[in-house]
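Trainee: Those protein sequences? They're chains A, B and C, same order as listed.
Going by our numbering, the letters in the first sequence line up with residues 37 to 479, in that order.
Going by our numbering, the letters in the second sequence line up with residues 37 to 479, in that order.
Going by our numbering, the letters in the third sequence line up with residues 37 to 479, in that order.
A few of these clues could be false.
Stated by the list, open to error - Dumping the calculated BS3-like pairs for lysine-lysine here, alpha-carbon to alpha-carbon at most 25 Å:
(1) Lys458(A) with Lys325(C)
(2) Lys444(B) with Lys325(A)
(3) Lys444(C) with Lys325(B)
(4) Lys444(C) with Lys326(B)
(5) Lys326(B) with Lys458(C)
(6) Lys262(C) with Lys458(C)
(7) Lys325(A) with Lys458(B)
(8) Lys262(B) with Lys458(C)
Unchecked claim - Each pair of labels, with its calculated beta carbon distance range:
(9) Gly223(C) with Lys135(A): 40 to 48 Å
(10) Ser148(B) with Leu265(A): 53 to 61 Å
(11) Ala61(B) with Lys135(A): 38 to 46 Å
(12) Gly416(B) with Gly448(C): 50 to 58 Å
(13) Asp406(A) with Ser148(B): 19 to 27 Å
(14) Leu126(A) with Gly466(C): 36 to 44 Å
(15) Glu455(C) with Ala261(B): 22 to 30 Å
Stated by the list, open to error - If you want the footprint, here are the derived chain A segments under chain B, 3+ residues with CB under 8 Å:
(16) 187-197
(17) 278-285
(18) 301-307
(19) 312-321
(20) 461-469
Note that these hints are calculated values from the structure, not bench results.
Even glycine gets a Cβ: it sits at the ideal position worked out from N, Cα and C.
Given next are the chains, with one letter for each unit.
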Amino acid sequence: MKKTMSLLILLGLLCVPALGQEAEASAAEAIEAVQNNLNIVWTCIAAFLVFFMQAGFAMLESGFTRAKNAVNILMKNLMDFSVGTLTFALLGFGLMFGKSGGWFGTTHFMLSDMGEGVESWNWTFLMFQTVFAATAATIVSGAMAERTKFISYLVYSFFITLFIYPIFGSWAWGGLLDGGGWLEGMGFLDFAGSTVVHSVGGWLALAGAIVLGPRLGKYGPDGKAKAILGHNIPLAALGVFILWFGWFGFNPGSTTTGNGSIGYIAVTTNLSAAAGAIMAMLVSWVVLKKPDASMALNGALAGLVSITAPCDGVSPLAAAVIGAIGGALVVFSVIFIDRVLKIDDPVGAVSVHGVCGAWGTLSCGLFNMDSGLFYGGGLGQLGVQLLGVGAGFIWAFGVGMVLFLGLKATIGLRVSEEEELKGLDIGEHGMEAYAGFQIFSNT
Amino acid sequence: MKKTMSLLILLGLLCVPALGQEAEASAAEAIEAVQNNLNIVWTCIAAFLVFFMQAGFAMLESGFTRAKNAVNILMKNLMDFSVGTLTFALLGFGLMFGKSGGWFGTTHFMLSDMGEGVESWNWTFLMFQTVFAATAATIVSGAMAERTKFISYLVYSFFITLFIYPIFGSWAWGGLLDGGGWLEGMGFLDFAGSTVVHSVGGWLALAGAIVLGPRLGKYGPDGKAKAILGHNIPLAALGVFILWFGWFGFNPGSTTTGNGSIGYIAVTTNLSAAAGAIMAMLVSWVVLKKPDASMALNGALAGLVSITAPCDGVSPLAAAVIGAIGGALVVFSVIFIDRVLKIDDPVGAVSVHGVCGAWGTLSCGLFNMDSGLFYGGGLGQLGVQLLGVGAGFIWAFGVGMVLFLGLKATIGLRVSEEEELKGLDIGEHGMEAYAGFQIFSNT
Amino acid sequence: MKKTMSLLILLGLLCVPALGQEAEASAAEAIEAVQNNLNIVWTCIAAFLVFFMQAGFAMLESGFTRAKNAVNILMKNLMDFSVGTLTFALLGFGLMFGKSGGWFGTTHFMLSDMGEGVESWNWTFLMFQTVFAATAATIVSGAMAERTKFISYLVYSFFITLFIYPIFGSWAWGGLLDGGGWLEGMGFLDFAGSTVVHSVGGWLALAGAIVLGPRLGKYGPDGKAKAILGHNIPLAALGVFILWFGWFGFNPGSTTTGNGSIGYIAVTTNLSAAAGAIMAMLVSWVVLKKPDASMALNGALAGLVSITAPCDGVSPLAAAVIGAIGGALVVFSVIFIDRVLKIDDPVGAVSVHGVCGAWGTLSCGLFNMDSGLFYGGGLGQLGVQLLGVGAGFIWAFGVGMVLFLGLKATIGLRVSEEEELKGLDIGEHGMEAYAGFQIFSNT
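The shape of chain A in the complex, shown without the other chains (with noise of 0.2 Å):
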């Protein structure tokens, strides 16, 4: 049986007759093969449930528009999974984890230097990242929704996964494998992502909405906001439940090691969530009138998104007051942005993972128990945090514009007025979502 392989190696390197220190030695070794293999395990099952975050997202993103354009949202999930799988192994991998000066990594390109055999740890962690940077790709489709033609998003995602989060990556990451970036040089601290997926994912998703322009019937010809309603919130809170399953691999798999901390760090991003979802529901019965679902689904994800920087070093008060301020932040950062900036973003990407991953970023520089402002640490460690959401913002926005005006100005960013009002499921793809259903009031 295969299941006794791994054992009798094991009992292979106990069994040489060693005296003292020799038989120490082989005990060791064994001992730190099975924490090894136990660090495998742990670190893909953490992948596979950053795996599922793409259904969250799916779901989430098509529970929120309409039902004329699920298909094409669901398409463009299931792609820039698929074609980010395969950049990051072409390149991506290498400029974020390779031998680096502090920009990006020159090695590790098209799967080169992955260690010896397939039992290397390189695989388990090629795997993790992979989900990583395929989760900062998809947060992009929800601003984009609703208008965004099919071959430039396609475009979009070769290349977001290619170099752009990789580069970023490198930064502030490079160094878990054979890296090293300028950011972490400085003491920059964000454990799961709040800047280097969700913030970088969310100024891209600000530069496309930008460029894009709003859905047709967005804004009335007075300039007033006009809702669009979403066409399944069963889906979308599917969705949100999905996610947050998901984000127990990603903040805690973060350790990338199967050790006592993972449950501490499951503690924080609960606690979190769960504060941001009721503060979201708070704040939009005060300021709508009505407990609203989507904010509170929103503040779900806001508080998720927050405490993705800090979830490692501050208290579980702390966790709970970072997810309620990111909760509270989401409602006013998506009216804001709908309301006052008049820029389109249907399901509120831009708030929730740009916005709250600025601030879990910044979290950390209050709330870390071994450098942040409230705990006697000065204003060193919140500096550092600036410099990196501000660095994050540059870059992923910078380059997210001249991405995006580039597809506009070639192939061409969006639909035509026709297939906007038809659909993209029909436009786009040819087929409905909903076959036989009556739908109406669908504009």
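For chain A, the structure is supplied; the task is to place chains B and C on it using the hints.
Mentor: Chains B and C only, in chain A's frame:
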């Protein structure tokens, strides 16, 4: 790299220049550390699976009720988990697992005394117990669906996880940490919570359904029960599959140890669920003339609830028998409560969780291989099981009646007739679940 | 506390006052015990993921068919798993893994000889193999959707897990426990079941679809195929994401050992799925003029099925190539079966599981790094693979034809024309999937 950290610790433990017994002791500590890490990884993953059951309940309950109340029930599911997370951390965890004279714990309040540092086992244990508490809480929403005021449901959620669930839990499970309750002192068996979680939730649901009264139109002027159809059976079926999946965290996870009995418990759990689904289908085929899908789905859940108490100590054959009896029981119980008692429980929560929870708990007294009646154990165990089932009913139903009658007399428990007819989604949350779809005959 | 139990055992093993080799031996046993626990934890979690694929199939198949048959297909999915759980325990497991002369096992019937106590590895192995058997079973429901009598489907479910799947399985995988089959004796490679699970299911599905004949209205009087649209693409897409997620249990879990190769197998699996989705989309874009969502979704599954046999022994580049070929193949196969062979397979199950399963199995003979043609292994491995593919086809298609023709001649295989037009939900189960929704053009 982070992942080598714990390995270095392990190596350190072994590299002291020890001889003989000292070397053995250090190897033993290192091995214990790895097993401890495995326990934490396993228990956390099980907790995440149990968390995901929230999505299952949300889909099941919204699918089995009407479209006009779908947003409302999703919000209740989201909020009972979110509120429960905070109140369980505040007080519930301490009441359940703190040092106790047998009736309730008095330490660990507000996450105090959690052990040293982030690697303490107690954080993992808190995470696992939080999702259990939230499971008990969310059972109630189904029985009270389609007519309960949202604010009153929030108040209920606050109290169940604050003290109702924890105090009963301390009687049966307090000894899992620092407590010790009178029921466990008597040898009460409830491995994963047929009574502690499911019956407590089920009897609270019964109290809620009684105090609320039936939905408008549920009983005709002649007192005859009318079927009010669920609006989305695929969603409900998805919910059941998710719950079954999550139950593999619920039952095998209750080992809270990464050891060999996990596979055995998974097998008994799965056999019972399968037998429950088949038996409920067969019984419904005879009684209702067709193999009813709602009954089969509830039969799977009945099998799962029934095996939750005895899963670790019965034979696979007994597990199938316990599940089959649960599956038959749920059909008769649903019909009896609906048609004879005339209590309106829209999703059958009282039958699935209350009645089958009681059956499962009693079945330990019959089938447990150490102490059950059929294994030569006499009537002693069965008597203790009966006492525990009775205590659970008196506590949960009693406190539930006080709570719901109190809510009814103060802020009110039920929405207005007008709102109930129009749907709680518009009334309580100002939104529709399926904007754009033509939905009719919806009352 | 339960969690310290196994630690005490470990400590006990080390605390004997042993010296030299004795101490080493006890340390080795303790380390082996932890690794064994890790294997059980990992294999159980993988089994749970594979179980969750049942939800994926249920959502995929109901989404790709019509609303009027949704309840029926969900019931079939629930019941083939439930029935399969019991029959596999009864007979299947023994036929597949019991002591064998090469053709079928003869021990382990009715869960006998499962080893000592609840900690025996065999329980975990049973759990893992049960969900594999149920995967093969549930593939068939998609190809036979929208016209099969419910009772006949139950009989089919009974037999596939009782002996059809197990006997072929014993030829290829019996040696994983106490058996040993003629195919594995020849060096047949099928790591996680491209043939054993998927092709066997696919060829049974083919037999079922042929014996049933096409749905009413599927082929016009001129013999031209008409598209019958699926009613809920978001549900189908959710199904594919769930299946992809579950496949991370299916392939990496087939190590049944918590070791380092898990990460590698996850990477090859993921690359193949991504390449399959992209290629199917591209081919459909060329052939059908639009990037078809159904094809892209089936392409992801095609990639997953194709890599299932070779996932542990091919390079990442080969994995992507294998998936891409699978993705192209599935488009042509779906069109060929639909338009040329005029066999009505509503969800494309024969193409995805049968055809791509065969391709994946053959691909081992080309790309396996030890014995494949492109790695200097000659034609030997490819010949064995071809033999295994052929044996799978003859066994599964042959027995399937006998079974389905037998059912047709006795209790009948197909519902009446009237029932088919009205829908099987009303006809077989007396209920609607979407009560209250206006659904039209539903035939």
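Trainee: Now, for every hint given, state plainly whether the structure supports it.
Mentor: Hint-by-hint comparison with the structure:
| no. | hint | verdict |
| --- | --- | --- |
| 1 | Lys458(A) with Lys325(C) | holds (19 Å) |
| 2 | Lys444(B) with Lys325(A) | holds (23 Å) |
| 3 | Lys444(C) with Lys325(B) | holds (23 Å) |
| 4 | Lys444(C) with Lys326(B) | holds (21 Å) |
| 5 | Lys326(B) with Lys458(C) | holds (16 Å) |
| 6 | Lys262(C) with Lys458(C) | holds (19 Å) |
| 7 | Lys325(A) with Lys458(B) | holds (19 Å) |
| 8 | Lys262(B) with Lys458(C) | holds (24 Å) |
| 9 | Gly223(C) with Lys135(A): 40 to 48 Å | holds (41 Å) |
| 10 | Ser148(B) with Leu265(A): 53 to 61 Å | violated (46 Å) |
| 11 | Ala61(B) with Lys135(A): 38 to 46 Å | holds (42 Å) |
| 12 | Gly416(B) with Gly448(C): 50 to 58 Å | holds (54 Å) |
| 13 | Asp406(A) with Ser148(B): 19 to 27 Å | holds (21 Å) |
| 14 | Leu126(A) with Gly466(C): 36 to 44 Å | violated (54 Å) |
| 15 | Glu455(C) with Ala261(B): 22 to 30 Å | holds (28 Å) |
| 16 | 187-197 | violated (count 0) |
| 17 | 278-285 | holds (count 5) |
| 18 | 301-307 | holds (count 5) |
| 19 | 312-321 | holds (count 3) |
| 20 | 461-469 | violated (count 0) |
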